[in-house]
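Chains A and B, in that order, give the protein sequences.
For the first sequence, the residue numbers in the working numbering are 269 to 471.
For the second sequence, the residue numbers in the working numbering are 1122 to 1546.
Everything labelled a hint here was simulated from the structure, so no lab data went into it.
Watch out, some of these pointers could steer you wrong.
Unchecked claim - Using C-beta positions, here's what the derived DEER-type ranges look like:
id, chain 1, residue 1, chain 2, residue 2, range
1, B, Gly1388, A, Ser435, 55 to 61 Å
2, B, Trp1152, A, Asp319, 33 to 39 Å
3, B, Tyr1142, A, Pro336, 36 to 42 Å
4, B, Asp1148, A, Phe463, 56 to 62 Å
5, A, Leu457, B, Asp1451, 44 to 50 Å
6, B, Ala1498, A, Ser324, 35 to 41 Å
Backbone N, C-alpha and C fix where the C-beta goes; we use that ideal spot for every residue, glycine too.
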Amino acid sequence: MYASKIILSVMLLCVFNITEAQRKVKKDRLPRRKPSFVLQAGGGMSYYTGDVNLRSVATPGSLNKFSPAGTVRLMWYPRYRLRLGIESGFTNFYRYKVNDADGEGKLVLQAIPAMIVWNMQILPRLNIYAGFGSFFLSSHLNYRGKVVSKDVVLGSNIAISYTLPISKRVGIAAEGKFMNAFETKDAALTLQLHFVWKVFQWD
Amino acid sequence: MKNFITILFISSFLFSCKKEYKVEMPDPSSWALFKNPAAQQLNFITRQAMEGVYDVSDGSDVFGGLSAVKWSYIITGSDTVFHVSGFFGQDIAYFICEGKQLNGEILLNGYWRKMVSTETGIVRFTISTTNGAALLLSSSPVVTTGSIVMEGVFGNGQEEPQNSIVLTYNRRLNNSPAGFNILAHRSGGRNSDLLPVSENSVEMILKTAEFGSTGIEIDVRFTKDGIPILYHDNDLNLRLVQKCGLVGPIENYTYAQLNAFVRLINGERIPTLSQALNAVVNRTGLTFVWLDTKYIGSLEKVQELQQEFTQLAAQQGRHVEIVIGLPGEDQFNSFLSLPDYATTPSLCELSIADAERVNAKIWAPRFTEGTQNENVATIHAQGRRAFVWTLDVPEFIEQFIREGNFDGILSNFPSCIAYNYYVRQ
């Protein structure tokens, strides 16, 4: 119910926001920038920030909250300031080992986000992002047999990035992002470097 | 600017907190008198004589005017631990205490809880020599109205109890209709009721009699390697288990994997059905088990365990009735494919005709159908019993006990059923 309320509220806000923005835009006030599609891709490290208490199961010291993380994002830059896009990527939320009388084992919880993302430039070169969607979680378990088990949960993310232009169409961005799979109370903070490419421009 | 505010609003909404309720169970061990090494356990005669309906004088504004006081036990190794519970009529309140005798007085020490809220605290009672202890500690006590007065204090949370509560013996506990089943849902109550132990755990099975239960309903699923376990939901989730990194359907994992990596919400391991039935038969005084089959597939393994533990109980001179629940068509058809289905004790949640078809011992409609006294009479005429599920609203529980003729009620609040059944006149 809680998740449904969030989805409904966000959808209503988006519809309202986009409608309002479109209605109020006057052609003569539009900035000179041309509409475009921008692709961002990159990677870095993530740190799991959710609470996890595995004292009763994990081998002491085996919990690892750091992981490589990657992001792929395709944004539509319209004439007005609020941009819309889609985002995916990967990270491992955490991994740990178990060592008991029956043997050794390890588990990795992997997360692949699938988000709708809104973005706005708040200062020159400085962008903020807010995404809402799902995380495709998968448990990779190796203990007396291998198991890969999957689930889809609701989640969101927010990010801030600084883009350094290299050419008219290409740039490099440093991004900090907070990912929150709120349905399973999993969360991670990531720091990444992105390659930014304006793949298509018109008008 | 407007868009920025919108994003801020969305973000703050998404990341805003959801209130999580918690019940901090009080630790009543600070009562020095109760810890006195000279304090002794109460004997069977005393415990039995204490049971009854008590008038609540001081404290009635918090707990209501009556309390049904009843003892329960669990067996731990070579020891038997006894608890006395008092079930109240207000806010589904109860107390659970241990009892001892010291210098001719009876001391009760424990905690109270209200199930409609997170309120809890320490409670202590003393039955002085002149207020009934001498009578209760005698070899053949004859208890009459007013002959026992339990003078006590209760507090909130971990604070030293200071509020007065007085219980005065009024009458014996009702036992009509005889053999009435007070059944605890998910072995004792849901996790959302913030009990100190997890639903569908051995620990809850050991605790449920303290809440007044005479029997339990437990949820049966199978692991990947075909071991029947107790678990309610389809998948591993934070409602039932601690965060462990395992996601997806529970059937994806073997029992060894679940045992090594998963802990229930209060830290217990997921029990096998065998472990659960072993606890019922060997460690509790429970007399009824309803195996709610949450999976679709063969019921043969469940039937084998049902027979094994029914016989084990019989060998110990105990009558423990274990029935296979048939909640839907799939389980009904699986049950029909068992070789001895007609002589296998079952509980049918479908129609009366279906109950008749599988020769179910019990027909169990949902409470929304009402008291259904005519249907219950039909079932009784067939030599079957009727249970109703899952009744949680105190007013409905009171109504079903007063107006209905069911032989048992399933609830997340067995203490509420216990109160309404035992105080009935």
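Task: Ascending list of hint numbers which this structure does not respect - done: Violated: hint 6 alone.
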